[in-house]
Every structure is written in C-alpha cells, then in structure tokens.
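There are 2 protein chains.
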Amino acid sequence: MESLLAELRTAVGAAAVLTDTDVTAAYRRDMMPLAPHGTPLAVVLPGSTEQVQAVVRACAAARVPIVPRGAGSGLSGAANAVDGCVVLVTTKMNAIVEVDPDNRLAVVEPGVVNLDLRAAVEKHGLFYPPDPSSYDWCTIGGNLSTNAGGLCCVKYGVTTDSVLGLEVVLADGELLRTGRRTVKGVAGYDLTKLFVGSEGTLGVITRATLALRPLPQAPATLVAAFGTTGAAGAAVSRVVREGVVPSLMEIMDRTAIAAVERYLKTDLAAGAALLLCQSDAGGEAGRRELTAIEQVCRDAGAELVYATEDLAEGRDLLAARRAVLPALELYGAWLTDDVCVPRTKIAELITGCERISAEARLRLAVVGHAGDGNMHPTVVYDATSADEFTRARWAFDRILELGLELGGTITGEHGVGRIKREWLAREIGPVGLRVHRAIKQALDPDNLFNPGSMFTPA
Amino acid sequence: MESLLAELRTAVGAAAVLTDTDVTAAYRRDMMPLAPHGTPLAVVLPGSTEQVQAVVRACAAARVPIVPRGAGSGLSGAANAVDGCVVLVTTKMNAIVEVDPDNRLAVVEPGVVNLDLRAAVEKHGLFYPPDPSSYDWCTIGGNLSTNAGGLCCVKYGVTTDSVLGLEVVLADGELLRTGRRTVKGVAGYDLTKLFVGSEGTLGVITRATLALRPLPQAPATLVAAFGTTGAAGAAVSRVVREGVVPSLMEIMDRTAIAAVERYLKTDLAAGAALLLCQSDAGGEAGRRELTAIEQVCRDAGAELVYATEDLAEGRDLLAARRAVLPALELYGAWLTDDVCVPRTKIAELITGCERISAEARLRLAVVGHAGDGNMHPTVVYDATSADEFTRARWAFDRILELGLELGGTITGEHGVGRIKREWLAREIGPVGLRVHRAIKQALDPDNLFNPGSMFTPA
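Here the protein sequences line up with chains E and V, keeping their order.
Residue 1 is where the first sequence starts when you use the UniProt record's numbering, and the numbers rise one by one after that.
Residue 1 is where the second sequence starts when you use the UniProt record's numbering, and the numbers rise one by one after that.
Each hint should be verified, as a subset may be incorrect.
[What the hints assert, rightly or not] Rough simulated footprint, nothing fancy, chain E against chain V, three-plus residues with beta-carbon under 8 Å:
#1 166–178
#2 191–197
#3 370–380
#4 437–444
I should point out that these hints are in silico values taken from the structure, not numbers from a laboratory.
Even for Gly, the Cβ is constructed at its ideal location relative to N, Cα and C.
With these hints in hand, go ahead and build the complete structure from the sequences.
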C-alpha cells in the first residue's frame with residue numbers, strides 16, 4: 001500500500017494525505033451511532049477536480065475502495081469508512097464559483113457549507129431552499145449525495161429539486177457532466193437526479209449548478225396545541241386538503257413537548273401535540289394562509305392557537321422545535337429515525353410510536369415535518385447500557401416496520417447508508433434491488449465507491 | 001413471425017392486435033415530419049399491466065423490438081416505428097385509478113389524456129400542472145416518457161416534478177415499482193426520475209402516482225409590446241432578477257406576431273416582440289406581481305403595457321399565443337424546434353434566428369416560454385419542395401447549434417427521439433454518451449425497447 005500512499009501524496013500533496021490513526025479517527029464515521037465503521041488506510045483531502053480524478057485513478061488501479069464524504073453530519077452511516085479504504089473528503093473544495101442572479105443559479109464546489117451558500121446568495125436577494133438541521137456545518141456535497149431535506153420541503157422540495165447539473169468523477173477517473181445551466185432540459189436520461197441521493201456509490205460529485213429562488217417574504221408564524229394526537233393529525237390532513245401550502249409545518253408529540261419544556265424552562269401550554277406553521281407568502285396572502293390554517297386547527301379541536309407576524313417571536317417558537325434533540329440529550333443518548341408516511345397517517349404513526357416506546361421501555365419522542373409526512377421518531381437510551389442500546393435498536397427497526405405498514409418509506413431524507421440496507425431491500429423488493437445492482441454494476445463495475453453501503457453488490 | 005402474432009393475440013385478444021397496414025399506418029410515426037419511421041410488424045393495444053408483461057415477454061423471446069407510444073403527439077420521432085417492430089400503444093389503459101385529495105395525489109394508467117386528468121382532479125380543487133400544447137389529446141404516458149413541459153413550467157416545473165412513483169415493465173417482463181406515495185423519500189436511487197424522460201428506451205410505464213397541487217387562483221394577465229427584441233429580452237432577465245415568478249411568461253417575435261395578426265384578423269399593436277404574462281397568485285399578491293412586471297417592462301422600454309383581471313380578456317390574449325402554429329400553417333408546413341437557453345440569452349437567440357431565416361431564405365417565427373428560456377423557433381416551408389425541406393432541415397440544425405453556443409440545450413421539452421440523436425451526442429459528449437449506453441445496457445441488454453432512438457447502442 002506504500003506505493004498507493006506515495007501516489008496519493010503526489011496527487012494531492014503530502015499535507016492532504018492523513019494516515020495517523022489519531023487524526024483519521026475523526027473521519028471514520030458520521031453521526032449515526034448504530035452504523036458499523038472501519039479503519040481507513042488514509043484520508044485524503046483533494047483541492048480540485050483534477051486531484052479527485054488522480055485519487056480515483058490511483059485507488060482504482062490499486063483496487064482500494066473510496067468512501068466519499070463531506071462534513072460527516074449524515075445520519076445513516078453512508079460516509080462511514082470500511083477497513084483499508086481511502087476516505088475522500090471534499091471539504092477543501094469549498095469555492096462558491098459563481099452566483100448568477102439574472103439566471104437565478106449558483107455554481108459551487110462540494111465542500112461549501114450549506115449556510116455559507118445561503119448567506120452568499122441572500123446578498124443577491126436569492127434563496128437556496130434545502131435546510132437540513134445541520135445546515136450550519138453540513139456541506140452541499142453531502143446534501144447532494146443524500147438528497148437532503150429540511151424544514152423547507154413542504155413548500156420548496158428537497159435538494160434534487162434545486163439541482164440543474166453536476167460534474168462527477170466516475171470510477172475510471174473520467175469526468176462526467178450532467179444536466180445544464182438552463183431551468184428546463186430533456187436531452188438524454190436525467191443523470192443529474194440519478195447521482196443526487198446515490199450516497200457516494202456511483203461517483204464523486206466535484207461541482208454542482210444549483211437553481212435559486214427569490215428570497216421569500218418575512219415569515220408569519222402560528223402555533224396550535226392539541227389535546228389529542230388524532231386532532232393534530234386531522235388538522236394536518238385538513239390543511240393539505242384545503243390547498244394551503246405553508247412554508248413550514250412541524251409537529252411535536254407529548255414527549256417532545258415535555259422535553260423541550262424542561263430544557264428551555266418554559267410552558268408550551270400544549271397537551272398531546274403541537275403544530276408549528278409558517279407562511280412566507282407575505283402581506284395579505286400570508287395572512288390569508290395563516291387564517292386558513294388557524295380555522296382548520298380550531299375546527300380540528302385545537303385547545304390553543306396563536307399567530308404572530310413578529311419575527312423575533314416567530315424565531316422563539318421555531319427555537320422550541322429546534323431544541324428537541326438537545327432537550328432529549330438531558331435524558332440520555334438519542335437515536336433518531338426517519339420515516340415518511342402519507343400525510344393522512346401522521347396520527348397513526350405517533351400512536352404507533354407510543355406503543356413501541358412502551359414495549360421497548362424507552363422514552364421515544366416524535367418530532368417531524370408534518371407538512372410532508374416526514375417524521376423523526378427519536379429513541380432515548382443509556383449509551384452505557386448494552387441492553388438499552390439493543391432495545392433502542394429494536395425500537396428503531398419497529399418504527400421502520402410501522403412506516404412501511406402505513407404506506408410510507410423507510411427514509412424521507414436521511415438516506416439508507418449502512419444502517420438501513422436490509423430495509424431498503426425490503427421496501428423496493430427483489431426487482432428494485434436487481435435494478436439498483438445493475439446500475440451500480442454499469443457505472444462502478446469494480447465496486448470502488450462506498451462498497452456495501454445502501455445495498456450489497458450482486 | 002406468425003407464432004409471435006399468435007402469442008400476441010393470446011396475450012391481448014385478437015381485436016387488440018392490428019396488422020393491416022392500412023390501419024397500422026396511423027401508428028407509424030408521431031408529429032415530427034423530419035424523423036425516419038419504419039413499418040411495424042404489428043400494433044398491439046394492451047388493456048392491463050399483465051397484458052403489457054405478456055407482450056414484452058413474447059417480443060423479447062422472439063427478439064422483436066418494441067416501440068412504446070401513447071397518442072403520438074410527440075415532436076421528436078421517439079414513438080416512430082422501426083421496420084418489423086411491435087408498436088405497443090397504451091391508449092386503452094386509460095383509467096384514473098385513484099384521486100386522493102387528503103394526500104394530494106392521483107394514480108393513473110398511462111393512456112389517460114392529460115386534459116381528462118386535469119378535469120378529474122379539478123373537481124377536487126386540485127391541479128396537475130404539466131400542460132404541453134397537445135394537452136387535449138396527448139397522454140400521461142407520453143408526457144412521462146418525454147418529461148413534457150408546457151406553459152406552466154416557469155412556476156410549476158416539468159412532468160418529473162409532479163411524479164412520485166411509477167410501475168414499469170422491464171425488458172424481461174418483470175414489474176418494477178419505483179418511488180412511493182409520500183411526498184418525500186430517499187430510499188435508494190431515484191429510479192422514478194431516471195424513467196421519466198427516458199423516451200421508452202428503458203421500459204414500459206404502466207402506472208404512475210402523481211403529485212397534485214392546490215388549484216391556483218384565477219389568473220390576471222399582462223401583455224407588453226416592445227419595439228426591439230433586445231428590450232423584450234432585457235425585460236425577461238429583469239423579471240427573473242426582480243424575484244417575480246409569474247405563472248406564465250411567453251414571448252412572440254415579429255414574425256409570429258405578424259402571422260397571428262393575419263390569422264386572427266386583429267392588430268396586436270406590437271413591433272419586434274410581445275411578452276404575455278400571467279399571475280395566478282390571486283388578489284393583492286397577484287396585483288403586486290403584475291405591477292412589478294409592468295414596471296420592469298416600462299423600464300425596459302415597452303411601447304405598450306396592458307394588464308387585466310378579466311378572465312375572458314386574459315383567455316383572448318392567451319389565444320393569440322396559442323394561435324401561432326395554426327397561423328403559420330397559412331404560409332406552409334411548419335417545423336418547430338425546441339431549444340432552451342439561459343434566460344438572459346433570449347434576445348440573442350431571436351436575433352440569431354433572424355440571421356438563420358435570412359440565410360435559409362425561409363420564414364422563421366420564434367415563440368416560446370420566455371420565463372424558462374425554452375424557445376420554439378419554427379421554420380415554415382413548402383412541403384412539396386424538396387429544396388425548401390432541405391433548407392428547413394438546415395435551419396433546424398443551425399438553431400440547435402445556436403442554442404448550444406448560447407449555453408443552452410438542444411431540447412427543453414420535446415426530447416431527442418430519432419431527430420436529435422447526433423445532437424445529443426454532441427451536447428453530452430463521449431463520457432455522457434458512454435454512461436447512457438451503460439445504463440441502457442444494464443436495463444435493456446438486448447436493446448428491446450425503442451432501439452436506435454435517443455442514441456445508438458454501444
């Protein structure tokens with residue numbers, strides 16, 4: 001392997017090849033504690049597309065697998081090292097190459113932090129919608145690889161909806177350009193959307209052309225408290241049916257509410273469930289949307305509804321939602337799941353999670369993006385107890401089972417990675433799995449990229 | 001081949017297997033006069049997914065290629081027969097299986113006519129956005145295969161943006177289910193968006209789950225006339241930069257205006273270019289959008305700007321835009337192109353087309369979806385003159401060249417088919433072509449589906 005290391009040093013410079021295990025340990029895994037991870041041969045941090053190509057060619061020749069990663073904020077183990085691999089970190093490729101306000105697009109390298117892009121385009125009155133919870137440290141490359149979502153999705157879609165084109169280094173080191181700079185285009189297969197969400201299994205994304213939107217109006221915020229989960233679920237369905245598209249619609253269950261109340265030392269005056277909604281339509285249109293949501297919540301039996309156009313107050317209310325995970329940390333380690341169910345099934349998912357919590361004898365809080373049915377039931381366990389870890393893992397799997405039973409999917413935005421591989425096979429079935437393997441084989445015949453993640457090769 | 005015909009009759013019933021060449025002639029080609037087409041062995045009209053599977057298995061065993069098609073409204077020759085093939089027509093599979101207003105989705109068979117789906121969901125206060133010009137007779141299956149667009153795209157995107165999941169019969173007759181019923185989901189590769197726009201080269205779509213939107217407000221309409229093409233182009237760029245998202249923004253050049261004035265016997269009071277915009281935001285928000293567009297047009301030097309909230313008047317103005325092709329027919333046969341350029345390049349495209357028109361010595365009208373840069377320069381020629389046909393074809397190709405030079409794509413919404421195969425290779429380059437061939441090979445190793453369309457196999 002010494003000759004490979006020498007080649008890597010030639011390719012990216014000696015300082016950008018890390019082999020000290022004390023240093024490389026930080027690049028062994030992402031934020032998902034359940035997923036297995038190995039020890040890499042080396043961690044390389046290329047600074048350009050050409051350097052990525054050289055790294056890929058060297059590893060391909062040596063038959064050493066490559067695990068691409070960004071900041072490592074993922075929650076599926078898709079960026080986890082396998083033993084003896086090269087971890088290819090894109091964080092040094094962090095240039096915002098271009099912002100073109102007249103065509104509402106940006107060209108970026110993969111290492112750009114989501115928040116940095118948001119800030120850069122905001123100066124031009126523009127908006128890059130995808131906003132995963134880790135937006136202040138996750139990178140666009142990771143967002144692309146996982147097709148990341150966030151709070152914005154109910155109105156603005158997920159990452160794939162904002163991508164016009166990609167530059168990807170393939171397994172033979174060749175550079176593929178997909179898509180275009182225009183907002184429409186149907187020349188050939190939609191390779192752009194095939195690579196988005198492929199979790200580093202098909203190539204290394206080295207550049208992306210992203211579609212931007214006009215900056216929305218300042219949001220107005222509404223919070224509604226419900227005495228029963230069913231009432232909150234009915235309100236969500238009714239908002240969808242009424243044709244209102246809020247810019248944010250989040251739900252917190254009883255356990256999440258209690259944790260946040262304890263953490264923030266506040267009284268949310270909520271019983272079984274809290275709905276938090278925003279409209280960024282602005283002015284009369286925004287008021288019309290919030291009034292419609294308020295009426296729906298009251299009709300569904302909300303015990304309290306409060307709406308405000310005050311920005312600071314809106315931020316405070318949103319802070320309660322964002323505090324759920326830190327609040328749960330006061331009880332122990334958390335393991336967050338990620339299922340997406342039809343929007344009519346949210347109440348059933350929450351009550352099902354209450355049953356799972358009781359059976360697992362573990363605290364389980366449900367928080368999620370109610371507007372699109374993407375829920376994050378989060379199990380709390382004692383990380384020092386092997387028994388609790390086992391029960392947490394059991395609960396994690398039962399939640400996936402419940403999601404599928406309700407007509408949903410095993411992952412709404414976190415991805416499959418190394419933690420839901422068997423569940424992917426279950427969701428997509430043998431024909432779906434065969435097609436996945438055929439596409440992987442077609443693009444990466446030697447299984448160079450992220451081997452064993454998402455699915456096992458043929 | 002008699003044994004194959006017998007098998008097909010067993011599969012779909014004798015009445016659904018057409019072999020009389022007088023009858024099958026109607027299924028030999030789509031609406032693009034330039035594309036080559038052959039004579040099919042048979043035309044089959046299956047009535048169910050199971051029947052499609054039986055047809056695919058029979059043809060695969062006999063090594064007879066299959067060309068899938070819907071209504072045949074396409075403009076790229078992607079549905080054109082090759083000699084000795086089986087044309088698989090999906091128009092009999094025209095059930096709207098389900099409309100679910102609470103989850104804002106519909107499940108349909110491929111033969112449903114676009115307009116019929118629009119009407120069915122409108123009863124529930126819902127909206128299926130994709131609206132190609134042929135919406136009153138084209139089918140959803142064809143829309144999916146070509147990733148069809150229309151006038152709605154500037155605000156609502158193209159077909160792929162409205163698809164949640166598909167059911168596809170693969171080359172071995174197996175049934176693949178892609179996607180889901182939820183609005184978010186990242187379980188595995190995005191096979192749904194790979195099949196959308198694949199022009200029948202990877203499988204036969206037999207069912208689709210489509211995302212619906214709330215029915216928009218009644219549109220307000222604005223028309224602006226410009227003395228120079230540059231001024232109209234500047235207005236489009238400025239609308240984009242100002243962050244206004246109209247629900248429709250169409251442009252007509254001098255030649256298109258003159259043709260429509262002659263056809264409708266009206267005076268559009270326009271010089272070099274006409275912009276037609278709508279806002280469906282409703283009420284104050286709609287007025288705010290149109291006021292912003294009006295100001296932009298005046299600043300850009302519009303000679304006339306007229307806005308109306310009157311629905312009938314708006315429809316009349318839109319009718320002028322929709323009349324361009326019939327109006328051109330008064331001069332001769334038309335050959336419509338389909339390039340998409342960055343929105344800042346529209347004026348350059350139009351002036352470039354004026355040069356091409358002069359060189360080709362043929363009338364050339366430019367009409368298009370200015371809001372997304374998707375332009376349809378349309379050449380008029382005498383169909384009885386071989387020389388004019390040759391010059392029309394020459395102009396068609398020069399327009400594609402110009403589109404690429406301006407940083408655009410060779411097709412914004414019509415597709416590649418049998419008419420732009422060489423241009424696709426030019427746009428995506430050798431690496432892109434190799435990836436296309438690898439995916440085709442992975443999913444359709446015997447080149448069963450639509451052979452020779454979009455690109456030549458490896």
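Going through the hints against the structure:
Coverage of a stretch by a chain is defined here by at least three residues with a beta carbon nearer than 8 Å to that chain's beta carbons; for the segment 166–178 of chain V and chain E the count is 6, and the condition holds. Three residues within the 8 Å Cβ limit are the bar, and the segment 191–197 of chain V against chain E gives 5, so the coverage statement holds. Evaluation of the coverage hint for the segment 370–380 of chain V: fulfilled, as 3 residues show C-beta separations to chain E shorter than 8 Å, against a requirement of three. Counting residues of the segment 437–444 of chain V whose CB lies closer than 8 Å to any CB of chain E gives 5, so the stated coverage by that chain holds, three being the minimum.
When each numbered hint is compared with the structure, no violation occurs for any of them.
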